[in-house]
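Colleague: Each chain is listed here by its residues.
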Amino acid sequence: MLRNIILVVVITILSGCASVVTVTKQQAYPDMYTDAPTSILVVPAINQTTAADAAELYATTIAQPLAEAGYYVFSIPFVEKFLEREGVVDGEQVSNVPLDKFRDLFDADAVLFVTIRSWDTNYFVTGGNVTVAAKFELRSTSTQKVLWQYDDVVIHNTSGNSGNILADIIATAISTAIVDYVPIAHAVNGRIVSSMPVGKYHARHGQDGIDKGIIQSKTQATGEVK
Amino acid sequence: MKLARIMILSVFLVTGCNSVKTIYHWGDYSNTLYTYTKEPSTASRIEHKAELIELIGEAANKNKRVPPGIHFELAMLEAEDGNQKLMMAHFNNEVTLFPEAKKYVALALKELGAK
Numbered sequence: 001m002l003r004n005i006i007l008v009v010v011i012t013i014l015s016g017c018a019s020v021v022t023v024t025k026q027q028a029y030p031d032m033y034t035d036a037p038t039s040i041l042v043v044p045a046i047n048q049t050t051a052a053d054a055a056e057l058y059a060t061t062i063a064q065p066l067a068e069a070g071y072y073v074f075s076i077p078f079v080e081k082f083l084e085r086e087g088v089v090d091g092e093q094v095s096n097v098p099l100d101k102f103r104d105l106f107d108a109d110a111v112l113f114v115t116i117r118s119w120d121t122n123y124f125v126t127g128g129n130v131t132v133a134a135k136f137e138l139r140s141t142s143t144q145k146v147l148w149q150y151d152d153v154v155i156h157n158t159s160g161n162s163g164n165i166l167a168d169i170i171a172t173a174i175s176t177a178i179v180d181y182v183p184i185a186h187a188v189n190g191r192i193v194s195s196m197p198v199g200k201y202h203a204r205h206g207q208d209g210i211d212k213g214i215i216q217s218k219t220q221a222t223g224e225v226k
Numbered sequence: 001m002k003l004a005r006i007m008i009l010s011v012f013l014v015t016g017c018n019s020v021k022t023i024y025h026w027g028d029y030s031n032t033l034y035t036y037t038k039e040p041s042t043a044s045r046i047e048h049k050a051e052l053i054e055l056i057g058e059a060a061n062k063n064k065r066v067p068p069g070i071h072f073e074l075a076m077l078e079a080e081d082g083n084q085k086l087m088m089a090h091f092n093n094e095v096t097l098f099p100e101a102k103k104y105v106a107l108a109l110k111e112l113g114a115k
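These protein sequences, in sequence, are chains A and B. Residue numbers for the first sequence follow the numbering used here, beginning at 1 and rising by one. Residue numbers for the second sequence follow the numbering used here, beginning at 1 and rising by one.
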């Protein structure tokens, strides 16, 4: 009898685990492998949050994970300057620029758009975190197709965890109040970009299609035309 | 039996030491760039420019590549400071390291020339 109960419990737990559908990189982003962009242009983010810093934090920390993923990234501070000169200042205006203009001006194979949906600092006694929700979209400048996209909520823990409750309360308050947001932005970007098929400068270029674990619900449909 | 335990432990140690290998050396780049972007000042500019120069030197020492855009950014700062030769040297380095940068460098030179 007990053995049957255990069996039922185990099956329930396992089927609960199986409810998150994961796919391989090749399955999630086939156009990324056929288009094979080598250079990525990062444009200003659309910031839907009340955190004024969010777009700047993104712009100053996104180059690293993209470059480590094997792509040439056009120096972001100057992309913004050149776009400003053209009267394009924010993420909303950028999305109105035809994609082939980025190819003409910069010779960019793909453009990375990001919408920062939320950036919340949460504080609760002995715990704290920064929760960031962002949607990333990489579009081809030649086909206009969406080559890669990822929509995620990342929770970065700023809690104290010494085991001493008073110390933890203080540590959490300090770390949540004076939190250094650059590492958090790094963590968010890094985690999201890890789903991207790697590019030319990465040792596994063209070989990572078999990599599993891409959560399908975060990727939505690819191959959409703007 | 003891030998088997040592072997198993060794395997764990070796795989545990297998850290993620990065292509590039980044130094403190994100931090100095963030500070310079958020609070542009003579001081933050000096610090960011120094970081770019230091990063390039350190990359050579650590046998890592200089990341995309670093030479480009330094070239633009040198241009602002009136150091034409250094500007060209860094632009050329960017294109040598990354052929994808060619048009971007040409665009930058055009923008600088138009000033």
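In short, the hints are calculated from the structure, not lab data. Backbone N, C-alpha and C define an ideal beta-carbon position, used for all residues, glycine too. Warning: the hint list may mix true and false statements.
As the list claims (entries may be wrong) - Below, in silico cross-link-like pairs of lysine-lysine (DSSO-like), each with a Cα-Cα straight-line distance of 30 Å or less:
| id | chain 1 | residue 1 | chain 2 | residue 2 |
| --- | --- | --- | --- | --- |
| 1 | B | Lys-62 | A | Lys-101 |
| 2 | B | Lys-21 | A | Lys-101 |
| 3 | A | Lys-218 | B | Lys-110 |
Stated by the list, open to error - In silico negatives: residues of chain A with every beta carbon more than 12 Å from chain B:
| id | residue |
| --- | --- |
| 4 | Arg-3 |
| 5 | Ile-62 |
| 6 | Ile-76 |
To be verified - Facing chain B, according to a computed beta carbon distance under 7 Å, are these residues of chain A, among others:
| id | residue |
| --- | --- |
| 7 | Val-21 |
| 8 | Val-23 |
| 9 | Gln-26 |
| 10 | Asp-35 |
| 11 | Thr-61 |
| 12 | Tyr-72 |
| 13 | Phe-113 |
| 14 | Ser-217 |
| 15 | Gln-220 |
Colleague: Which hint numbers does the structure go against, in order from smallest to largest?
Modeller: Violated hints (numbers, rising): 1, 2, 3, 5, 6, 7, 8, 9, 10, 13, 14, 15; every other hint is consistent with the structure.
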